[in-house]
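**Student:** Please build the complete structure, drawing on both the sequences and the hints.
Quick note, the sequence shown lines up with residues -25 to -1, 1 to 326 if you use mature numbering (1 follows the signal peptide of the UniProt record, and there is no 0).
If you're looking for bench data, these hints aren't it; they were derived computationally from the structure.
Any given hint might turn out to be false.
[To be verified] Listed below are the simulated DSS-like cross-link pairs for lysine-lysine, each with C-alpha atoms no more than 25 angstroms apart in a straight line:
hint, residue 1, residue 2
1, Lys68, Lys55
2, Lys53, Lys32
3, Lys87, Lys98
4, Lys98, Lys108
5, Lys48, Lys60
[To be verified] FRET-style restraints, in silico, Cβ to Cβ:
hint, residue 1, residue 2, range
6, Lys110, Ser65, 56 to 66 angstroms
7, Ile43, Asp16, 35 to 45 angstroms
8, Lys98, Glu126, 37 to 47 angstroms
9, Thr19, Glu41, 53 to 63 angstroms
10, Ser63, His23, 36 to 46 angstroms
11, Glu95, Ala72, 28 to 38 angstroms
12, Gly116, Asp137, 27 to 37 angstroms
13, Met42, Ser65, 26 to 36 angstroms
14, Ile64, Val93, 35 to 45 angstroms
Keep in mind the model is a prediction, meaning the values are calculated, not measured.
For every residue, glycine included, the Cβ atom is placed at its ideal position computed from N, Cα and C.
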Amino acid sequence: MASFNLHTFFLLSLSFALIFTFSHADTAIQQPVDAFRSELDKLTSKIHSLELLVEEKNHELKNKDEMIAQKEKVIAEKEKIIIEKSDSISSLKNDVASLEVKASLDANEQLKKAHTRVHELEKQVDELQTEIKLKENLREGLETRIKELEEKTVDLNSKLNDLQQVADERKRKLRKTERALKIAEEELMKAKFEATSKIKELTEVHGAWLPPWLAARLAGFQVFEKKAQAEKWAEPHVQTIKTKWIPAAREQWVLVVTNVEPQLQSLTKKTKEVYIQSKDALTPHVIKIKDVVDPHFQTVKKVSKPYIDQIATATKPHLDKARETVAPYTKEAVIAYGKFLESATKYHHQV
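**Tutor:** Structure below.
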């Protein structure tokens, strides 16, 4: 119907155009033929354009008709679906009504179960809160304990540093003592050398009038006097060791054993090493001093004894007088020598 109307419209338009053209041709018959042909070509082109437009419009109308048909089909399907959904809704309403009836019958039982479950959950919550509180208290206790241990660790580290300094100081003092003992040994060797020189000198000078045993005796007294001087020189060092170093070492050792023994195994090991090194360093000197002094004393005694036994009766007055003269020096030398050996032995055992 629409296509027929369009064809009619175009035909009428074409007729009017031809009539207008012919009328114009009558009035302008004298114009050239070329102008007429140009006008005719324009009209032909316009007709062709109008035909294409008509065809395009027809195609659009056809597409719209197809779309309308498809939409009508979709609408029909939607209506069918709506009907089905309505039936489903009705069925669901019936089911809901049935469930409501059934739920109303079981409501009391479900409510009772719900209350029971709530009571159980509340009980579990209380238990969990109690457990959380206990764990919180335990955590606070552990934090306090950790803080105390950290403070104790700092204190122990400080004590460890102090003990290390004390150990270093002991090493220094022990080295100083070792040097002092070495000097004492050198003094004793010097005294021995001087005694030997004195014996030789007395033998050469007084050989004509002084008996050898008496010369040896006097030389021995001079040796003892030198020993007494050496001991007097070493006595302050030995006294310092006995009164200061050994009690301080004992006190520090008791502190280590009672307070920080588990944390100071390495320090104990080092202390043992220092003790062993000190003992190894001092023992040879003490033994050497004893070995140097005792043989000399025994030698003098051995040399003097035969002469004393042979001429004891003949020289008894002179000997008594000589003994009275040198008795103070002999007593002092023997006492000094005994004290020196006793001090060295005690120090050796205490270290």
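**Student:** None of the hints should be skipped; say for each whether it holds.
**Tutor:** Right, here's what the structure says about each hint:
1. For the proposed pair Lys68 and Lys55, the alpha carbon gap of about 20 angstroms is at most 25 angstroms, so the pair holds.
2. About 31 angstroms separates the Cα atoms of Lys53 and Lys32, which puts this hinted pair outside 25 angstroms; it is violated.
3. A threshold of 25 angstroms between alpha carbons decides the hint, and for Lys87 with Lys98 the separation of about 17 angstroms falls inside it, so the pair holds.
4. Of the pairs offered as hints, the one joining Lys98 and Lys108 holds, with about 15 angstroms between alpha carbons and a cut-off of 25 angstroms not exceeded.
5. For the hint pairing Lys48 with Lys60, the CA-to-CA distance comes to about 18 angstroms; that is within 25 angstroms, so the pair holds.
6. Taken as a hint, the range 56 to 66 angstroms holds for the pair Lys110 and Ser65, whose Cβ atoms sit roughly 59 angstroms apart.
7. Restraint check, Ile43 to Asp16: a C-beta distance of roughly 41 angstroms satisfies the suggested window 35 to 45 angstroms.
8. The beta-carbon spacing between Lys98 and Glu126, approximately 43 angstroms, falls within the hinted interval of 37 to 47 angstroms.
9. The given range of 53 to 63 angstroms is broken by Thr19 and Glu41, whose C-beta atoms sit roughly 33 angstroms from each other.
10. At about 59 angstroms, the beta-carbon gap between Ser63 and His23 misses the expected band of 36 to 46 angstroms.
11. For Glu95 and Ala72, the Cβ-Cβ distance of about 34 angstroms falls inside the hinted range of 28 to 38 angstroms, so the restraint holds.
12. Taken as a hint, the range 27 to 37 angstroms holds for the pair Gly116 and Asp137, whose Cβ atoms sit roughly 31 angstroms apart.
13. For Met42 and Ser65, the hinted distance range of 26 to 36 angstroms is satisfied, since their beta carbons lie about 34 angstroms from each other.
14. Here the CB-CB span from Ile64 to Val93 is close to 36 angstroms, well matched to the stated 35 to 45 angstroms.
The structure is inconsistent with the numbered hints 2, 9, 10, although it conforms to all the rest.
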